[in-house]
Amino acid sequence: MTSYQTGLLVILSINIVIAYGAYLPIAAGQMNLGIAGFMALGAYASAYVANNAGLPPIVTIFIGAGFAGLLALIVAVPILRTRGIYLALATFALGQIVAAAILNVELVGAAEGYSVLDHFGLATIAPITIATIAVVAYLNRTRFGLNLTAISQDELLANLFGVRTRRLQIAAFTLGAFFAGLGGALHAHYYNYIRPQDFNILLSIYIILFVLLGGTRSVLGPIVGAAIFTFLPEIFRDLDKKFSAFFDQVPDWLGQASAWRFAIFAALIIVFMMLRPQGIMTRGATRAAARWVAWCVRRLGFARSSGARP
Amino acid sequence: MSAVPALKIDNIGKHFGGVKVIDQLSFSVPLGARTALIGPNGAGKTTVFNLVSGVYPLDYGSIALNGADVTHVSQGERIKFGLARSFQNIRLIAHLTALENILLGQQIRAGGLRGLLYPLNVFRRNKWRDEARAALCDVGLEAYGDDMVGDLPYGVQKRIDLVRAELARPKLLLLDEPAAGLNPTETEELQAHLEGLTERGITLVVVEHDMQFINVLCEHVVVLNFGSKIAEGTPEEVRNHGAVREAYLGREEDEEAFSHAS
Chain A
1 MTSYQTGLLV
11 ILSINIVIAY
21 GAYLPIAAGQ
31 MNLGIAGFMA
41 LGAYASAYVA
51 NNAGLPPIVT
61 IFIGAGFAGL
71 LALIVAVPIL
81 RTRGIYLALA
91 TFALGQIVAA
101 AILNVELVGA
111 AEGYSVLDHF
121 GLATIAPITI
131 ATIAVVAYLN
141 RTRFGLNLTA
151 ISQDELLANL
161 FGVRTRRLQI
171 AAFTLGAFFA
181 GLGGALHAHY
191 YNYIRPQDFN
201 ILLSIYIILF
211 VLLGGTRSVL
221 GPIVGAAIFT
231 FLPEIFRDLD
241 KKFSAFFDQV
251 PDWLGQASAW
261 RFAIFAALII
271 VFMMLRPQGI
281 MTRGATRAAA
291 RWVAWCVRRL
301 GFARSSGARP
Chain B
1 MSAVPALKID
11 NIGKHFGGVK
21 VIDQLSFSVP
31 LGARTALIGP
41 NGAGKTTVFN
51 LVSGVYPLDY
61 GSIALNGADV
71 THVSQGERIK
81 FGLARSFQNI
91 RLIAHLTALE
101 NILLGQQIRA
111 GGLRGLLYPL
121 NVFRRNKWRD
131 EARAALCDVG
141 LEAYGDDMVG
151 DLPYGVQKRI
161 DLVRAELARP
171 KLLLLDEPAA
181 GLNPTETEEL
191 QAHLEGLTER
201 GITLVVVEHD
211 MQFINVLCEH
221 VVVLNFGSKI
231 AEGTPEEVRN
241 HGAVREAYLG
251 REEDEEAFSH
261 AS
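Sequence lines, in order, name chains A and B.
By my numbering, the letter at position 255 of the first sequence is numbered 255, and the numbering carries on one by one without gaps.
By my numbering, the letter at position 131 of the second sequence is numbered 131, and the numbering carries on one by one without gaps.
Source of the hints: derived by calculation from the structure; they are not laboratory data.
Bear in mind that the values here come from a model prediction, so they are computed numbers and not experimental data.
Do not rely on the hints blindly, as some may be mistaken.
[To be verified] Residues of chain B clear of chain A, computed beta-carbon distances all greater than 10 Å: (1) K20; (2) T46; (3) E100; (4) Q107; (5) K127.
[Stated by the list, open to error] Looking from chain B toward chain A, a few residues come up when the C-beta cut is under 7 Å (computed): (6) L58; (7) G61; (8) G76; (9) I90; (10) H95; (11) L113; (12) L116; (13) L120; (14) R125.
[To be verified] Looking from chain B toward chain A, a few residues come up when the C-beta cut is under 10 Å (computed): (15) T97; (16) I108; (17) A110.
Ideal Cβ placement from N, Cα and C applies to all residues, glycine included.
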């Protein structure tokens, strides 16, 4: 693997962890637009503790995630009283507050950014991502996951059947913030340098899009969404060279063809959302994918055993 | 008949804006019986269910379940007093399978954090899924267990809605138009099924427009009009009650039309 490919896989791994941070509240019918704020808290807390307390970073990332979860738990009670667009705005404001606060704290470099000493590579980050996927996949197969879906669809009905709707929403919000903080901490230890502006609203919106595009009802949704958002801009990167015959026709006043990749990317997202508003990985799609994998495995096994015959 | 009624509604009232939807209403539901709640459209039948299940708070009055005052108990806690209900417009979770919808009915028995984190779908079998599957089998729906509930036919959804409420193991079950939209065969099956529930000790309150259905099923009828009780008694007594005939038919007397009122 080239270092470029390894780097992409690391970014994908981090994006998946963060995507679950947005996925859990969305599964409970809540939009958290402050994900970047929780990431920032996780990143800075982990970096500071690792730099100063001499704890190994594998421990401090969970301390950072814990801080993000704790903040979520504290603000959940007032913030989750709001609904719909108001909840989105309240969480957006929270994210801005966290970033603005860090911008003023000299202890972690304020606007200049903060150097993180310990480095994580793919070998450390990938297992953490796999563990995160496993935790969410497990939760999806318990009453916790079942009840979150029920709440997101019909809160009153769930409540009448004895589902503790408020508590579960707080739990989903808090656990989501924990994963966002964990992803932020991984980000810090991968890039080894963090700035408050790395954790802006655009990032929060992208992470929400990972989940909405990938699918909100399947544990595979955030993975697929994160993969599309990680790889597609990279695929577009060399498009102007591959299709120079076409891109040479672009008139000069439109500027560099390669600079249009984000516009093309955004247009594709809109098309995707129009064609498949429920997200790419619905539960039906997940089942079909599982059947397909099983079929491939069988085929592979058959091919091997027949190939081994003398 | 037991002295403590399954449900005691004591002089309750509710208004929405300037409209008095329920006005000084009192009645009791005897334990172990099948009671019908009838009345013309807009009489407040579904509102009574919403007040009993705590969806709306009362303006005044009190509600007791099996002798326990639940007037100030929140909607999410009333199920602990043995109350479950179905809905006129079926409220199933469309993005869950039939089986998962039924699993939701068991929620109140599943307990706290351990029940919440118990793996439902990791190992091949567990007691909750087995129980839910058995309940589906009992009503002949085993084939639909893994289908998304939103894709299923109306009659099937209706049965799933009922089974889900039953799996909360309620003492009192409120059914809002359980026979609406069912064909004659399905209606007969429903009747037999509901009689079976009473044999298992569940008290039923049924809101229904199909008088034929009520005549066969219920031994006790409460008639509402404009949010107040206008009559109460056996189906026979209620049928011959002057105020009831007036409420349904105006002043004209027409036995035929009343017995088929829908």
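Going through the hints against the structure:
| no. | hint | verdict |
| --- | --- | --- |
| 1 | K20 | holds (24 Å) |
| 2 | T46 | holds (14 Å) |
| 3 | E100 | violated (6 Å) |
| 4 | Q107 | violated (5 Å) |
| 5 | K127 | holds (13 Å) |
| 6 | L58 | violated (17 Å) |
| 7 | G61 | violated (21 Å) |
| 8 | G76 | holds (4 Å) |
| 9 | I90 | violated (10 Å) |
| 10 | H95 | holds (6 Å) |
| 11 | L113 | violated (9 Å) |
| 12 | L116 | holds (5 Å) |
| 13 | L120 | holds (6 Å) |
| 14 | R125 | violated (14 Å) |
| 15 | T97 | holds (8 Å) |
| 16 | I108 | holds (4 Å) |
| 17 | A110 | holds (6 Å) |
The structure fails hints 3, 4, 6, 7, 9, 11 and 14 (numbered hints given earlier, in ascending order).
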